[in-house]
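Visitor: Residue strings, one per chain:
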Amino acid sequence: MLTDLTLVQARDGLRRKDFSAAELTGAHLDAVEALNPQLNAYITVMGDTARQGAADADAALASGDTRPLLGLPLAIKDLFCTAGTRTTAGSRILSPFVPPYESTVTANLLRDGAVFLGKANLDEFAMGSSNMTSAYGPVQNPWTRADGAKLVPGGSSGGSVAAVAARMALGATATDTGGSIRQPAAFCGIVGVKPTYGRCSRWGVVAFASSLDQAGPVARTVEDCAVLLGSMAGFDPKDSTSADRAVPDFAAACRRGVRGLRIGVPREYRADGMPPEVDALWRQGLDWLRAEGAEIVDVSLPHTKYGLATYYIVAPAEASSNLARYDGVRYGIRVDGVDLTDLYERTRAEGFGKEVQRRIMIGTYVLSSGYYDAYYLRAQKVRALILRDFTEAFAKVDTLLTPTCPSAAFAQGENMDDPVKMYLNDVFTVPASMAGVPGLSVPAGLDGQGLPLGLQVIGRPFDEETMFAVGAALERAARFSALPAIRAGAHA
Amino acid sequence: MSLDPATVRRVAKLARIRVDEAALGQLAQELGGILGWIEQLNEVDVDGIEPLAGAAQMALRLRADEVTDGGIAEQVLGNAPDRAGPFYAVPKVVE
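Sequence order for the protein chains is A and B.
Using our numbering, you'd call the opening residue of the first sequence number 1 and step up by one each time.
Using our numbering, you'd call the opening residue of the second sequence number 1 and step up by one each time.
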């Protein structure tokens, strides 16, 4: 089936004229039509745009055009502004918002010939680890558990990963603020890459926490992610934190191997209460890399345990500032009030969901007069210590290897009673976000219930190439071939 | 750590989010739980550490102070919930 191809296989098939871009996009739109009512991975399906894009791609292919993503159908997280197509950020407050401009990352993908199938569901304003906070309903994980409970796909990029895992897209864009690419990729058994902060432009991506937000790809292979990141990345003068650096050949790096590399094992990640199967998979991953010629080195990241608490000061603080723009005046929904202040307060009470309101209020509190030094300034200092931990570790090793998450996917409704319990999902992904270093999650095995588990490779700043080399080596060794029960072709 | 409802009311006011009186107690408990958990940072020795504002590890670039865009009022106003001619419209602010 065309929907079973990897992105690279589909690219090569198009160039060989084994099938047309129209057929490839048509097969994916059929999958979306069949599965989206159940999985809710897409908020908006862009059928006409996609078919037109595919027709244009076929014409270009016929004339020998070899742009890297020509005719390849992708899902776009509904946090990236797409000109003329509604962009909601998973929030009710942006439900009528149609951007007049295109984000830099999606513009780069279009420049390289990609076809957009639609806008993928997400936690509201990317705040969540379960996709349960979307105003457009939860996304169902295409993987299932013996007890029949509907599982979450992780978050916040839950729609992106569910679409790719269920073969409703060849790949997708996602964003990561504290783990929102890597955790859902692990939960849905696919690959997710958070590049170095500054590698992909944030321009036109709805802002959550600007010092942490970073776009990246999700796909079913490491090489597919490498190809996608090659198109998404690049210097953008419109983002003041965009890195003015050349984009390396990430796909070539996937073939480097790991001989002679030093792989760090941060001892602080061996958390109490880690499920034995997660720990066993981690050891297995180290054995695979050792067998391929890498050297395993124990390292220490002493401030790891403070990463989450630091994150839950810094990210809400930035969010409270960024989300001040939603005032019911310039765009988004408006709820009328007796005066302007009442209009603001009613608009924001009805427009934002509970989790977003909680985070705005936490952020407002930690930035407020009298508390700023005790919370925000202290968190920024701990953040400096977290970065120092990574800098010192990377003086000794080339990459780090850790589990991506403390568990496999949980059921919809689980972990909902206590916000802090939900936050703990990101314990292994948040430190790299705080330090701005790149991270990759690769599916490496199944837990006792048959659900995928991921391993995380963390790289040096702007050395995604070595991270891709290690990720690809793990992928080759793991030979992860399990498939989700709900996917195109399998669903009667 | 516990937050009292009056503090939550003040924070909600600062954040411009309307909160019903009946919801203040529950919200105070949730926010207090999160802030209590965050207080573990007090055990970290941060003496002499410079705060880190961002992960970019570089100075922000400056660009020339010049107009780079404009003349797109209709696009800018295109998403406004209410407008009056080339202006955003809001309830009367000044009597």
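Among the hints, erroneous ones may be present.
Unchecked claim - Below, a list of computed lysine-lysine pairs in the DSBU-like style, where the Cα atoms sit at most 35 angstroms apart:
1. B:LYS92 with B:LYS13
2. A:LYS17 with B:LYS92
3. A:LYS150 with A:LYS238
4. A:LYS421 with A:LYS381
5. A:LYS305 with A:LYS150
6. A:LYS421 with B:LYS13
7. B:LYS92 with A:LYS381
8. A:LYS421 with A:LYS396
9. B:LYS92 with A:LYS421
10. A:LYS354 with A:LYS396
11. B:LYS13 with A:LYS305
12. A:LYS421 with A:LYS150
13. B:LYS92 with A:LYS354
14. A:LYS17 with A:LYS150
15. A:LYS354 with A:LYS238
Hints listed in this document are in silico derivations from the structure and should not be mistaken for laboratory results.
Predicted, not measured: the structure shown is a model, and the values here were computed from it.
Visitor: Give a verdict on every hint.
Guide: The hints, checked one at a time:
1. As the CA atoms of LYS92 (chain B) and LYS13 (chain B) are separated by approximately 21 angstroms, the hinted pair is consistent with the 35 angstroms bound.
2. Under the criterion of a C-alpha separation no larger than 35 angstroms, the hint pairing LYS17 (chain A) with LYS92 (chain B) is inconsistent with the structure, at around 63 angstroms.
3. Between LYS150 (chain A) and LYS238 (chain A) the alpha-carbon distance is near 41 angstroms, which puts this suggested pair outside the 35 angstroms criterion.
4. Between the alpha carbons of LYS421 (chain A) and LYS381 (chain A) the distance comes to roughly 25 angstroms, so the proposed pair stays at or under 35 angstroms and holds.
5. The hinted pair formed by LYS305 (chain A) and LYS150 (chain A) meets the criterion: a straight-line CA distance of about 31 angstroms does not exceed 35 angstroms.
6. The straight-line distance between the Cα atoms of LYS421 (chain A) and LYS13 (chain B) is roughly 28 angstroms, inside the 35 angstroms bound, and the hint therefore holds.
7. Taking the CA atoms of LYS92 (chain B) and LYS381 (chain A), the gap is near 45 angstroms; set against the 35 angstroms cutoff, the hint is violated.
8. For the suggested pair LYS421 (chain A) and LYS396 (chain A), the alpha carbons sit about 34 angstroms apart, so the restraint of at most 35 angstroms is met.
9. This hinted pair does not check out: LYS92 (chain B) and LYS421 (chain A) have alpha carbons roughly 45 angstroms apart, beyond 35 angstroms.
10. Of the supplied pair hints, the one linking LYS354 (chain A) and LYS396 (chain A) is violated, its CA atoms being roughly 44 angstroms apart against a limit of 35 angstroms.
11. For the given pair, LYS13 (chain B) sits about 33 angstroms from LYS305 (chain A) by alpha-carbon distance, which is consistent with the 35 angstroms threshold.
12. The straight-line distance between the Cα atoms of LYS421 (chain A) and LYS150 (chain A) is roughly 19 angstroms, inside the 35 angstroms bound, and the hint therefore holds.
13. For the proposed pair LYS92 (chain B) and LYS354 (chain A), the alpha carbon gap of about 30 angstroms is at most 35 angstroms, so the pair holds.
14. Restraint check for LYS17 (chain A) and LYS150 (chain A): not satisfied, since their Cα atoms lie roughly 40 angstroms apart, outside the 35 angstroms limit.
15. About 32 angstroms separates the Cα atoms of LYS354 (chain A) and LYS238 (chain A), which keeps this hinted pair within 35 angstroms; it holds.
Violation of the numbered hints given earlier is confined to hints 2, 3, 7, 9, 10, 14; the remaining hints are satisfied by the structure.
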